[in-house]
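Whenever a hint applies, use it, and build me the whole structure from the sequences.
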Amino acid sequence: MSLVVTGATGQLGHLVVEHLLARGTDPATIVATGRRTEALADLAAQGVRTAKVDFADPATLDAALEAGDTVLLVSSSEVGQRVAQHAAAIDAAKRAGVARLVYTSALRADTSPLILAPEHKATEELIHASGLPFTILRNGWYTENYGQSVDQAKATGSFVGSVGDGLVSSASRTDYAEAAAVVLTTDGHEGKAYELAGDVAWSHPELAQAIGEVVGREVVYQDLSPEDHLKALLAAGLDEGTAGFVVALDGNTRDGLLADTSGDLGRLIGRPTTPLVEGLRTLVA
Numbered sequence: 001m002s003l004v005v006t007g008a009t010g011q012l013g014h015l016v017v018e019h020l021l022a023r024g025t026d027p028a029t030i031v032a033t034g035r036r037t038e039a040l041a042d043l044a045a046q047g048v049r050t051a052k053v054d055f056a057d058p059a060t061l062d063a064a065l066e067a068g069d070t071v072l073l074v075s076s077s078e079v080g081q082r083v084a085q086h087a088a089a090i091d092a093a094k095r096a097g098v099a100r101l102v103y104t105s106a107l108r109a110d111t112s113p114l115i116l117a118p119e120h121k122a123t124e125e126l127i128h129a130s131g132l133p134f135t136i137l138r139n140g141w142y143t144e145n146y147g148q149s150v151d152q153a154k155a156t157g158s159f160v161g162s163v164g165d166g167l168v169s170s171a172s173r174t175d176y177a178e179a180a181a182v183v184l185t186t187d188g189h190e191g192k193a194y195e196l197a198g199d200v201a202w203s204h205p206e207l208a209q210a211i212g213e214v215v216g217r218e219v220v221y222q223d224l225s226p227e228d229h230l231k232a233l234l235a236a237g238l239d240e241g242t243a244g245f246v247v248a249l250d251g252n253t254r255d256g257l258l259a260d261t262s263g264d265l266g267r268l269i270g271r272p273t274t275p276l277v278e279g280l281r282t283l284v285a
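In the UniProt record's numbering, the protein residues as written are 1 to 285.
It is worth saying that the hints were derived from the structure and are not from the lab. It is possible that part of the hints are untrue.
[What the hints assert, rightly or not] With a cut-off of at most 27 Å between alpha-carbon atoms, the simulated DSSO-like pairs for lysine-lysine come out as follows:
#1 Lys94 to Lys192
#2 Lys94 to Lys52
#3 Lys121 to Lys94
Because the structure is a prediction, the values reported are computed rather than measured.
Following this line, the structure appears as structure tokens:
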């Protein structure tokens with residue numbers, strides 16, 4: 001029986017494997033998977049088994065999974081294709097008879113109007129219908145998502161958005177990865193859905209102050225109307241679809257959909273979540 005991590009070539013999946021190793025998990029019991037196995041060389045050097053897995057190729061999934069495995073299905077990064085890709089992984093897990101399926105979802109995915117939620121909600125429904133034992137990790141916002149804002153502020157002293165007074169309870173990617181490692185290696189999580197987010201909900205003026213501390217200059221956040229924000233993004237060279245997506249996400253923030261402070265994340269990892277300033281520092285190192 002193994003711990004199988006999909007998407008280990010990505011940032012979150014790779015960090016999960018690192019946290020599994022840090023927790024003393026036998027590397028021989030870990031299978032790190034992804035489409036580019038060469039990106040897993042550092043994990044293989046530590047004794048972790050690796051396997052090529054492509055959600056579009058069911059044979060690769062069947063080869064990687066065995067009865068009794070615990071599988072972490074890291075949600076695909078390919079927005080618009082996630083449901084089909086996740087369905088392939090869930091079907092393979094069912095064929096193999098895995099012991100438990102853990103999935104990285106989105107905050108309140110079953111009820112939230114968050115623009116990113118529908119594909120996660122559909123995946124959760126597939127997991128429930130599969131009959132497999134499961135745990136759902138509904139990950140909130142990553143502090144690392146503000147890398148572009150940090151770069152813009154460092155260069156110009158300001159960054160823009162259309163979030164209004166909306167709050168965000170972000171946490172660092174490593175916090176979410178550690179929570180996944182805990183759930184994969186401890187008991188008592190079957191059938192549960194955790195709402196994972198940072199301990200503190202902060203405003204964008206507070207984000208500007210934190211960025212200023214990190215980049216060493218005064219930083220101002222400029223709040224625009226959604227219409228003006230869209231115009232600014234298009235003028236900056238973003239295509240219409242991407243610009244509209246960014247404005248919609250800011251609208252979700254304005255509506256409070258990223259402000260969850262349930263405390264589930266801190267309880268799982270047994271420590272406070274990474275403070276905003278500390279998380280931002282990793283973006284300028």
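Hints versus structure:
Distance hint between Lys94 and Lys192 is fulfilled; the C-alpha atoms sit about 19 Å from each other, no more than 27 Å. With a CA separation close to 19 Å, the supplied pair Lys94 and Lys52 stays within the 27 Å bound. Proximity of Lys121 to Lys94 is assessed by CA-CA distance (about 19 Å); at most 27 Å being required, the pair is judged to hold.
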